[in-house]
Amino acid sequence: MLSEERRVEQQSALTEPAAARLAAPDVRDEFGLETIDMSMGPQHPAMHGLLRLILELDGETVVRCDPVMGYLHRCQEKIAENRMYPAVIPLTDRLDYFANMHNEHGYVLAVEDLLDVEVPPRAEYIRVLMSELMRLASHIPSIGFLMLELGAFTPILYAFRERERIQTIFEAVTGARMMFHYIRIGGVKADLPPDIPQKIWDYIEGLESRFQNDFVDLIQGNEIFISRTRGVGKMTQEKAVEMGLTGPPLRCTGVDFDLRRDYPYSIYPELEFDVITDTAGDVEASYRIRIAECLQSIRLIKQCLEKMPEGAVMGDLGRRLRPKEGDGFGRVESPRGEFAVHIVSDGSDTPYRVHYRDPSFCNMQLLQEVVPGHYLPDIMPIMGLIDPVSGGWDK
Amino acid sequence: MQTVLNLLEAEPIRLFVSFGAVLFLVLNLAAILTMAERKASAYIHLRYGPNRVGPRGLLQPAADVVKLFTKENVMPGRSDMWVFLGAPIAMFIPAALVWMVIPFSPDAVVANLNVGILFFVAITSIGALGVVMAGYGSRSTFSLLGALRGAAQIISYEVPLILSLLGVIMLTGSLSLVEVVNAQGSTFWTWYFLPQLPMFLTFYIAGLAEVKRVPFDLPEGESEIVGGFMVEYSGMTWALIQAAEFASMGLMSAINVTLFLGGWQPPLPFLDFGPFNWVWFGLKTALIMFTFQWIRWSLPRLRMDQLMDLGWKVLVPMTLVWLFVTAGAMLVIPGN
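Protein chains in written order, with our numbering: chain Y, 1 to 395; chain H, 1 to 336.
Next up, chain Y with everything else stripped away, as it sits in the complex (with noise of 0.2 Å):
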């Protein structure tokens, strides 16, 4: 580690904006230097996914980034407009696949603001401690990710060991892996298997025992992860917000903005927990949030344990959903950021119009505004803090 002196005295040679390292065009003019284009992806070992980042480099200082997308574009939202309402939401699964449950619970939350329908307690809470879960196998592989991403290799398999035991929960209650058709219109598929609650519960405890070592002990202090995401990525508030940034890339800025605290959906005005925020604003800070949003995670979970009410599971519905004429909106707090649907009706059994407002890409545009001036290797650590997934960009 180093001396306190040292490290005020790196953090302020950090500070400067990256910005500052770009030459200016006549600079190069006059010195006649050109610049070199490179097509990084959509075939890339290390991108989330299919993008492709056309980059323009000066040496290793990035010039400008322009990310494309599409590459695994679906039509999800047209193929909506053909299925009737309750059919849609196993290709919501398809949408951001590391947070599918989330994709489910906002599509449902839409269409039940059509439906006016009435969902019993113990779904709520059911819902809620699957999107919890959810959150925690997101999380826990975007910290193993990000360092995959600064080059060590070992978290990234530590991190899938949580997700494949969150993932056999999930196998256990919904019958699937990752694409569950869990949540449905009116309430959950199915109760818990009535051994659940204690595995999920034992889980969680073996969780939070390990989380400290494996992800917390063996990262923090690493002086090279330190020097390597500390003010990289750097953006201030006013940015974040021009950027319409939400999720960990948003709070990281300082932000106090949570969809589960400011915009209470299901049962979340009844639970406690915290909205985490940091004032860096850099890598560094999104890799604490996700930490933090872990524990209070696991935190949620166990009110959910200890609350959940007894009942049905599955609110009153006809056999064919017709919903009235309008517009429908549902958004949750996914682990990447605010995922929203807005649902147009035009009274029929298929929905009119269907639009998914996914995080993953709106905070991709931090991209352009943020890379220029970094140095090469600073891409993937800022990819690293949007956490983007490609089923989400890419509808």
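Bear in mind the hints are in silico, worked out from the structure with no lab data behind them. Where hints are given, some of them may not hold.
Partial list, computed: chain Y residues near chain H (C-beta under 7 Å) [stated by the list, open to error]:
1. Ala46
2. Glu60
3. Ile79
4. Asn82
5. Glu149
6. Leu150
7. Gly151
8. Thr154
9. Leu157
10. Leu376
11. Pro377
Here are some chain H residues pointing at chain Y (derived, C-beta under 7 Å) [said to hold, decoys possible]:
12. Ile44
13. Trp297
14. Arg303
What follows is a set of in silico ranges between Cβ atoms, one per label pair, in the way DEER data are often shown [stated by the list, open to error]:
15. Y:Gly175 / H:Tyr48: 21 to 31 Å
16. Y:Gln365 / H:Leu23: 48 to 58 Å
17. H:Ala63 / Y:Glu310: 55 to 65 Å
18. H:Tyr48 / Y:Gln198: 26 to 36 Å
19. Y:Ile36 / H:Ala111: 38 to 48 Å
20. H:Val74 / Y:Pro193: 46 to 56 Å
21. H:Arg52 / Y:Asp217: 27 to 37 Å
22. Y:Leu33 / H:Arg52: 47 to 57 Å
23. Y:Glu310 / H:Trp294: 44 to 54 Å
24. Y:Asp37 / H:Asn73: 51 to 61 Å
Bear in mind the structure is a predicted one, so any value in this text is a computation, not a measurement. Where is the CB? At the ideal position from N, CA and C, for every residue including glycine.
Given chain Y's structure and the hints, the job is docking chain H onto it.
Just chain H, lined up with the frame of chain Y:
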């Protein structure tokens, strides 16, 4: 029989045969190290690692070699063929050549040069050429960036690497590696790693950078430039690059052991095995190589500017200071 022995005594043939033996050792070392690397990483990751081919997966390297031999060698279009194909050779030959001057045991050294250390410094410098050739010949932006990083890194870290050798040369008064080992004695507290601790650490770190291992594997940088200078290689050319990397990693460990950890000398006098002292050399080299692997699977990668900062602002001043400390100590303490 006597004629055959006489023939072997003749210097050119002895050199030829023993260099063949060393080359055999180096190639096998590469295979053993890939296996060790995969197993060590597996245990660090809490996995099993390769365990299908042969008993406990020990024949995996053989299977790998068969696979690499039978694989098509893909050449990128518009690449410079001779440079492209020459690069793996230009990387492998220096890595294998320096093994000639390493004393495995008091008698087992291919060429007991009286300028062994100089030979090591001179030949390892050529390694950068292979990296640049690979990057230039591939005609790919990724490779070019990797090669530029590699050249900058290898040349920059040669400075602290060579400076850290000077303390040992001053203490020994000789450039011969055999002399260096003899001077260290057969007790572990007289080995040079204690009086030359900063130099030992510098040599270790600079050695890591020279052989392009994590946390200094920027020329490969698999998360941004995929494989760097070797991104376009496949099949046997790739295997040769890998063999060169592992051979130079083994070499760096062996030189480290020879200069600072007493070479073939046993740690305590009663553990002297006479002609079998190469066991000590092997054990110590294996230990250093294991720490290389341990570091590889534990640490993230540095960035280019941070790498240069570490080299020029930390390692070079440290070695220079310790050079003066050593010189002063040699003046003050009599008998040294």
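Hint by hint, here is what the structure shows:
1. Taking 7 Å as the C-beta cut-off, the interface hint given for Y:Ala46 holds, the closest approach to chain H being about 4 Å.
2. Among the interface hints, the one on Y:Glu60 holds; its C-beta lies about 6 Å from the nearest C-beta in chain H, closer than the 7 Å criterion.
3. A cut of 7 Å between beta carbons decides the hint on Y:Ile79: the least distance to chain H is about 34 Å, and the hint is violated.
4. Nearest Cβ of chain H to the Cβ of Y:Asn82: about 40 Å, over the 7 Å cut. The hint is violated.
5. About 5 Å separates the beta-carbon of Y:Glu149 from the nearest beta-carbon of chain H, less than 7 Å, and the hint is met.
6. Annotation: interface hint on Y:Leu150 holds; nearest CB of chain H at approximately 4 Å, less than 7 Å.
7. Nearest Cβ of chain H to the Cβ of Y:Gly151: about 3 Å, under the 7 Å cut. The hint holds.
8. The criterion of a C-beta within 7 Å of any C-beta in chain H is met by Y:Thr154, whose closest approach is roughly 5 Å, and the hint holds.
9. Proximity of Y:Leu157 to chain H holds as hinted, the smallest CB-CB distance being about 4 Å (cut-off 7 Å).
10. This hint holds: Y:Leu376 has a C-beta 5 Å from the nearest C-beta of chain H, less than the 7 Å allowed.
11. Using the Cβ-Cβ criterion of 7 Å, the hint placing Y:Pro377 at the interface with chain H is satisfied: the shortest such distance is roughly 5 Å.
12. Interface restraint check for H:Ile44: the shortest CB-CB distance to chain Y comes to about 6 Å, inside 7 Å, so the restraint holds.
13. A hinted interface residue such as H:Trp297 counts as satisfied when its beta carbon comes closer than 7 Å to some beta carbon of chain Y; here the least separation is about 5 Å, so the hint holds.
14. Contact between H:Arg303 and chain Y, as hinted, is supported at the beta carbon level, the nearest pair being about 5 Å apart and thus within 7 Å.
15. Distance hint check: the CB atoms of Y:Gly175 and H:Tyr48 are about 29 Å apart, consistent with the given range 21 to 31 Å.
16. The hinted range of 48 to 58 Å is satisfied by Y:Gln365 and H:Leu23, whose Cβ atoms lie roughly 56 Å apart.
17. About 58 Å separates the C-beta atoms of H:Ala63 and Y:Glu310, a value consistent with the hinted range of 55 to 65 Å.
18. Restraint check, H:Tyr48 to Y:Gln198: a C-beta distance of roughly 30 Å satisfies the suggested window 26 to 36 Å.
19. Checked against the hint of 38 to 48 Å, the pair Y:Ile36 and H:Ala111 passes, with Cβ atoms roughly 45 Å apart.
20. For H:Val74 paired with Y:Pro193, a C-beta distance near 52 Å keeps the hint of 46 to 56 Å intact.
21. The supplied range of 27 to 37 Å is met by H:Arg52 and Y:Asp217, whose beta-carbon atoms lie about 34 Å from each other.
22. Against the hinted window of 47 to 57 Å, the Cβ-Cβ separation of Y:Leu33 and H:Arg52 comes to about 53 Å, which satisfies the hint.
23. Taking the beta carbon of each, Y:Glu310 and H:Trp294 are about 53 Å apart, inside 44 to 54 Å as hinted.
24. At roughly 28 Å, the beta-carbon separation of Y:Asp37 and H:Asn73 lies outside the given 51 to 61 Å, and the hint is violated.
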